[in-house]
Structure formats: C-alpha cells, structure tokens
Amino acid sequence: MDWTRILVNTAGEIFAPTTAAYALAAIGLNVHFGLTGLLNMGQAGFMLIGAYGFAISTIAGWPLWAAVLVALAAAALFGLLLGIPTLKLRGDYLAIVTIAAAEIVRLVGRSTALTELTGASSGLRGNSYKHTFQDASPFADGTVALGPFEYSMNASNSWWIRIVGWGLVALTCLLIWLLIRSPWGRVLKGIREDEDAVRSLGKNVYSYKMQALVLGGVIGALAGIVYVLPRAVQPDSMGRPMTFFVWTILLLGGAATVFGPLLGSIIFWVSLMFIKSVMRVGVPESIMRTEQIEQFGWVIVGVTLMVLVIFRPQGILGDKKELAIDVR
Amino acid sequence: MSADYTVPEPVPFATTTAGRDRVTADLSHVARTPGVIKPDAIVVADQVTRHFGGMTAVDVAHLEVQRGAITALIGPNGAGKTTLFNLLTGFDRPSTGTWSFDNRSLSGVSAARVARSGMVRTFQLTKALSRMTVIENMRLGATHQPGENLFTALVPPLWRAREKEITEQAEELLARFKLDAKRDDYAGSLSGGQRKLLEMARALMSRPTMVMLDEPMAGVNPALTQSLLGHIQSLREDGTTVLFVEHDMHMVRHISDWVVVMAEGRIVAEGPPEDVMADQAVIDAYLGAHHDTDLGDDALLEDGIERLEAKEQNR
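Heads up: the protein sequence lines correspond to chains A and B, in order.
Mind the numbering: the first sequence is residues 0 to 327 in numbering that gives the first Met the number 0, read in order.
Mind the numbering: the second sequence is residues 0 to 314 in numbering that gives the first Met the number 0, read in order.
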C-alpha cells in the first residue's frame, strides 16, 4: 500500500478549492441557520445561481469584476424572491420552499430550451469562462511544487484558485466574526430564539430575516463561483446532495460559530478522501469496485450525519448551551 | 429625584404630575359605566371586534385607558383579554375597529412599530430568549442602537458608545430587579419567576410610555410577587401607564387604579377596584361569592357544614 501517496492526497484536501467552496457555502448557511434560525434547504440553488451568473456573463464577454457582481446580484434577487412570500411564515415553510426553489433553478438550467445560454444538462465547459479569472493572476504560468504538493500556478486546478478561494474564506470569516459580535447579530440571535419577543421589542423581524437570507445567499453564490472555477458548471452536480453536504459540514463544525463551517469542511473532505483512498488500495476488486467505493464514501457521510445529530448535536466547535439542533 | 431636592416654585395650575394621588384624583370624577370617557386617555379604542370563524372573541364598543394609571383587565378565561392585548399591540389583526395611542392611530400598524411608538408588551407565556445571556436579553430591548443596521454593525466605533450607555442602563435595571447576579447566565437557566422579571426589565429598556403586562404574576412565588408589585407601582410614579391582565385578585385590588372587566368579548363593568369587586354582576360572572375568603380556611368549611346542618334541621 502506498501510504505516502494516500497521505499526500488526503492532506491536499485540506486546502483544495472544493474545500474552500464548501466552507464558503457553509458560512453562508451559518448566517441563515446558525444566526437567524432560517431552515434554508436550498443552499445549492444559491451556489448554482452564482455559478451560472458568473459563467454566463463571462462567456458574454463581461470582465471579471462585472461577472462576479452579476453572480452576487442574481443570488440577492433570488433571496428576495424566496423571502417575500415565505419569511412572514414560520420556519418550516421556508425549508420546503427553498428546497423546491433550488430544484427549479437546477431544472431550468438543464432544460433544453435554454441550451444556448446554459448548455442544458451537459452544462458549461470550464474553459469557456475561466480565462478572465486566470488572466487576473499576478503570477507567472507554469507548475509550482510546494513540498509534496504540485499544482499549476494559474491553470484549472491551480494555486491561484486556492489563494483566492481561501482568501475569500478568510474575509467572510472576518465578516461573520464582526457581525456575530454586533448588535445586528444580537437581533438575529433573538429572532432565532423567539421572533415574537423580538417583535415586541420594536425590531422589524421581517427585514432582519430578509437581510440574513440575502447575505447568506450571496456568500453561497461566491461559493458557487469558487466551486466551478476548477471544473465545469454541471447543474446535476449541484443539486440536493450538495445542499445536504453543506448542512453536514455546518453541523459537523458547529452552527453559530465563526470557524465551525471552515473546520467542518476540512474534516468532511479530508476524511472522505482518506476513506476512499484507503479503500481503493485496500479493498480487492472482487469485493467492491471503484465506483462502489465512491458510493460507499457517501454512505459513510450519511451515517456520520446521523451519529453527529444523535451524539453531538452542537457540532465540534459549538456551545451546547447556546445552540443544539435537537432543541428547537 | 435627587435627595437635595428643594421646594419647587408654585405653578399657577396643578398640571399632570404623575403618581397615585394624581391618578386617583383624576379618576374620582369618572362614572362607573363600561366604555366611559376618561379625562386624559392614552389609549382610545372604538368598535374593535375580532372574529375567529363564527366565534366573536372581542367586541369592544369603546374603551379608554387613563394616562399614567395602572389599569387592570380582568375576566373569566376566554373573555378575550389576551386577544384584545394582541390587537392593541399589533400581534393580531382586528375584524373591525380603530384605536389610537397617544393621539396617533395604531390600527393596522405592525407589532414592531407599535413597540417603537412606546407601547411595549410582555407575554403570558414568558418569552425570555433562552440561549442568550441575561445581559444580551436586556441589550436587545434598547432602542436607537445604530449597530443594529447591517452596515454600521461592521464598524464597531460607530456603535460602541451607544452600546456602553445601553449596558449601563441594563445593569441599573437588573440591579433594580435583583437579577444582577445572573448577568452573564443564559436566560434559559433562570427560574420561571426570574424570567418574568427579566421580560419586564427588558421591556423597560426602551423607556416605554405604556407597558402592557399579560399575567405578570402567573407562576411567581409570593416573595417575588411583592417586589414585582413594587416595580409596577414605581412605574406609575415615573408616569408610565400600565395595563395588565391578571387573575390574582389580591394584586388587582392592591395596585390598580381602575379595573376593566371583560366577559364574552365585551366590557361588562369598569371602575375603581373596590366598586368593581362589589358589583354583583362581576361577582356572579367571574369572582364567585367567596372571592374575598381564603378557600383553604377551615372556618369556611365549618361555615358550610353549619349551614348544611341548619338546612337539615329546617326540614
């Protein structure tokens, strides 16, 4: 068994672009659920909107900054549209509406009527929208090795996307750190506990919930951009499972904490990669084929989530007294 | 109200000085009829009705609440007291009707805006925000905190000064309500009575002109009841109007200046506590004949037995 290769592969996941993208998505979801108590079951929808917004406007010839703005604005608009009818209602309704809305985004994206724009079910090829981002890199092209990790500087799965992705994670963590300690964050926590009490104290609960939904959604769109930059926009790879992975990550790390989503994402992807790498080498083909090992990895994710909810509902970094998902 | 208070200059007219004496004097001329007009009403409600399907929960033709007074709202279960509370504070929409608070119409105004206009309420089932600390609960009650805006929140220097003021005010109130030892505990760890105190203290953070208390004494132990009563009375001395729903008749008798009785959604009687509690209709509908006596008192039992025996002998 080639342990060095397995360990390098696994350690590479710690700072992989996908890990950063999921950390961002979970940070967005943390604004919804951890801070405000909104059950958003459609975070993948926000990510897909961001990905489409960025890719389509880049393909249309827009510069990088404009494309990013389009993605964020589209997610904000999506959040507003979702929030207007649902935020006046109690929690669970939002869960149903968001899961449906995320599916609508995916199904519209893959419908053949929009092939010109979205490439339907085959999606948008990465090379058609990556150039503006790669051109923005200040570094010289080529391959750079840092210890055992060797990636190209600017091309697809690059150091450049890692730097930008984790830079964004750091920035949003700072943002959440500031907000969680501010009076604004306090109003959100109050809403999470009991909206009527907060209403009786003169706060416009509807407006605060809307702000949280839009802010978390915009961070989700950012995550969508980071997620598709090293690959392609594939509507079917950004469906319900993605939302559930984001939830697993958030609950694993600890909702309502600043670094929970970050830690959750790292642990999630590292352990998944470790399990799959070890099994690929260790389990003979006669017992489990490679694609079955892939599936088995996800089975383990499901079991982990169940174990987590039962034995450590507040997550790794969470404060049980403050927020445990089993007391609602 | 400092200690070195000198004798004030005489004023030509005795205008609204707050407090019990003033309120008693003002209300002494008011007729004891339902829907009567008050000399200085802060809340005026007209034709307020609320139907739930075919059931009429509230049907109030006219109601005025005297400014600066402690008004009790009593009545049997299902009389519509809490529904009327919810309507007045914007937590429920009426089927018909209008009302004003401090000469501003509040019908159809959202709960948050009602609170911002100075009418703050508490709830029958206490709504302490359990997973926030006591001091955070208190801070949430304050108004005019610029940091509650998403963008100012990101720049702490813009809201730190106000936060400090709020914290000082909160600590002062906590000390008054004897919750200062619990400052950094989660509100969920408080006892039921302490949560009632916290909810009331939190409501006072916004310095409201009127406080609406929905059963402030439910589940509170006798010693704590005493201090709660004291707090409510000191509110009146500060000029705050209090309207409360309560089933504890001792409390109603002890602190209220005016009592409004509701039954089946309507106001059936109004007046000072002594008068209302002597009203035969109120006794029949709500209080019961022995409302003044301790039902656990053996004398009552003996009294009943004697009467039964007398009845036997009369046969």
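Just so you know, not all the hints are guaranteed correct.
Under 10 Å between C-beta atoms, here's a sample of chain A residues computed to sit facing chain B [to be verified]:
id, residue
1, SER121
2, ARG124
3, GLY125
4, GLY201
5, GLN210
6, ILE309
Quick caveat, the hints were computed from the structure, so don't treat them as lab data.
Just so it is clear, the structure is predicted and the values come from calculations on it, not from any experiment.
We treat Cβ as the ideally placed atom computed from N, Cα and C, and that holds for glycine.
Okay, the hints, checked on the actual structure:
Given the 10 Å rule on beta carbons, the hint for A/SER121 is violated: about 39 Å separates it from the nearest Cβ of chain B. At about 38 Å, the closest approach between the beta carbon of A/ARG124 and any beta carbon in chain B exceeds 10 Å, and the interface hint on this residue is violated. Checking A/GLY125 against chain B by beta carbon gives a least distance of about 34 Å; that is not within 10 Å, so the hint is violated. Taken as an interface hint, A/GLY201 checks out: its beta carbon lies about 4 Å from the nearest beta carbon of chain B, inside 10 Å.
Annotation: A/GLN210 was flagged as interfacial toward chain B, and the flag holds, the nearest CB pair being 5 Å apart, inside 10 Å. The interface hint given for A/ILE309 is broken, as the beta carbon of that residue sits about 20 Å from the closest beta carbon of chain B, more than 10 Å.
The structure fails to meet hints 1, 2, 3, 6 from the earlier list, while all remaining hints are met.
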